[in-house]
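Asks: Chain residues, written in single-letter form:
There are 2 protein chains.
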Amino acid sequence: MTTPILPGVYSPVMTPFTRDAEPAVPQFVSLCRWLRRCGVGLAVFGTNSEANSLTVSERLDLLDALIGAGIEPASLMPGTGSCAVGDAVQLTRHATRHGCGGVLMLPPFYYKGVGDEGLFRYYARVIEAVADDRLRIFLYHIPPVSQVPISLPLIERLLREFPGTVAGVKDSSGDWANTAAMIERFGPQGFLVYAGSETFLQRTLEAGGAGCITATGNVNPAAIVDACRRWREPGAQARQASLDATRAIFQKYSMIPAMKAAMAWKSGDGTWRSVRPPLVELDGGQCRLLEDELAAAGFELPDVDALRA
Amino acid sequence: MTTPILPGVYSPVMTPFTRDAEPAVPQFVSLCRWLRRCGVGLAVFGTNSEANSLTVSERLDLLDALIGAGIEPASLMPGTGSCAVGDAVQLTRHATRHGCGGVLMLPPFYYKGVGDEGLFRYYARVIEAVADDRLRIFLYHIPPVSQVPISLPLIERLLREFPGTVAGVKDSSGDWANTAAMIERFGPQGFLVYAGSETFLQRTLEAGGAGCITATGNVNPAAIVDACRRWREPGAQARQASLDATRAIFQKYSMIPAMKAAMAWKSGDGTWRSVRPPLVELDGGQCRLLEDELAAAGFELPDVDALRA
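Chains as they are written, first to last, in the working numbering: chain A, 1 to 309; chain B, 1 to 309.
A few of these clues could be false.
Any copy, or any two copies together, can satisfy a pair, since identical chains are not distinguished.
[As the list claims (entries may be wrong)] For lysine-lysine, the following DSSO-like pairs were computed, each having C-alpha atoms within a straight-line distance of at most 30 Å:
| no. | residue 1 | residue 2 |
| --- | --- | --- |
| 1 | Lys112 | Lys252 |
| 2 | Lys266 | Lys112 |
| 3 | Lys252 | Lys266 |
Calculated from the structure, these hints are not laboratory results.
Next up, chain A with everything else stripped away, as it sits in the complex (with noise of 0.2 Å):
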């Protein structure tokens, strides 16, 4: 069984926007000294951080941003994929060198039906050019999002050509038996499995998998990390039911505009509700909703004060 090096559970960190669109910092750093102090780890620029609906610079500045704030470097796995090679280096070429944990790197996903051979040119390529022993890649596996997907045999190869650097993935593909056999074939070497949200956490845990990357990470941190911290003792089952009443909850809206509606209502920081485009926030009637379901079902952002910061 893989023992896990890193935080059981990753949040991919929401990135707040001014009522300009602009990356809104103080708020970006709050939330990621609540989300460690809840025992996350930091998977900034992810699907639900609106990553790639952020420039390279924006990106490059926001990473600066965090670590000159304080937060610990090896607490972060920034997401690094882009469909330009040349992105990818960069963005990777710069977390690395910020003595970031890992990286997380989407496939390039414009191109669909790409082979095998040119997702690994794409991976080779990056490693190739940061050329940094530090360098750690969590392969990103999202094909109902990217529509790139990320095999099996493609995984075997690159583990062959790069032991050490490439550590890891996050399984989104909501595929039990995809994750399963991730972990069989390839957990044994140290290859870390993340299922890619909570609903996958006990099985991914008792599988020999090391934990979750998921969304709502941001916004019911304490309990995910909790049940992924006791997915041993006595009432795991029950955790894991209450994890996945909570997701319910959210996954009704559109996901990322409904945890920055929720975030918005508890922090009451109304930045939290602004998205970019494609995104659209939640409306009044959703926003409604949203906080009458939430409530009744008991919910609450710990220490809730310091998202107000």
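We have chain A; now place chain B onto it with these hints.
Replies: Positioned in the frame of chain A, the structure of chain B alone reads:
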């Protein structure tokens, strides 16, 4: 019926790369000059240009190089759509300030299942940020690749809000009924509908559309331009059939590597073979098969010496 004010045939100009995978500027300029002599408009930075495998600064520099080399700005329709609206603004502003005849704008293509409201906001934000009366946007509808369609109601709303700026569309859906509907519904307002390939050229022109923006404009430009100019003359169906036969050869392979292989073969400049990941060049066997088939079909690049510059 719409009277095209722009070339009837555009090519998404292929981007050549050196052995080090850097943009090969001399070859790029030569191809653009050659295409212009064939009467083709320059939809640089399209899908077949591997535009999304280029960084923003590479795209800015390449456009500067073309203008600097004396390519007429009015003949250019650079692709400027990006996942990040900030990138789309920068690229669109740059093209517009250069006096480009138009820009071809993908929707943001990372998130799937987004609604028209979010896509409207994306285009509106670019138009408002660029704030230049010269801006002419051609919407890029290519659901097989982008997976983010541009609906008829979205076009209607954009035309209502930004008349004169939203100038046309490239329909690469491959669905003739959709192209016909776009022409019928928006053509009378002067909206220019380009088919996404020459397969639909004759039908598009007969229905009142503007022409086509097509991959094979890179390798079969003169014949496509001839078919476009003479669409009302006798022999139109035979000309269309001839275009289809040439296209069919390339379509047996991965289109971009195959067109690059043909360009390398005919020009004698091996630079043309290179592609960037995630694409992979044709292997030796595929190249020989393609060359044999093209030779059997009598395929030639007219005035090919100009491509050896």
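Asks: Would you mind marking each hint as holding or not holding in the structure?
Replies: Do the hints match the structure? See the list:
1. Lys112 x Lys252: both (29 Å within a copy, 16 Å between copies)
2. Lys266 x Lys112: Classified as between; 28 Å across copies, 40 Å inside a copy.
3. Lys252 x Lys266: Within one copy, since 19 Å is at most 30 Å while 56 Å is not.
In terms of the numbered hints stated before, the structure departs from none.
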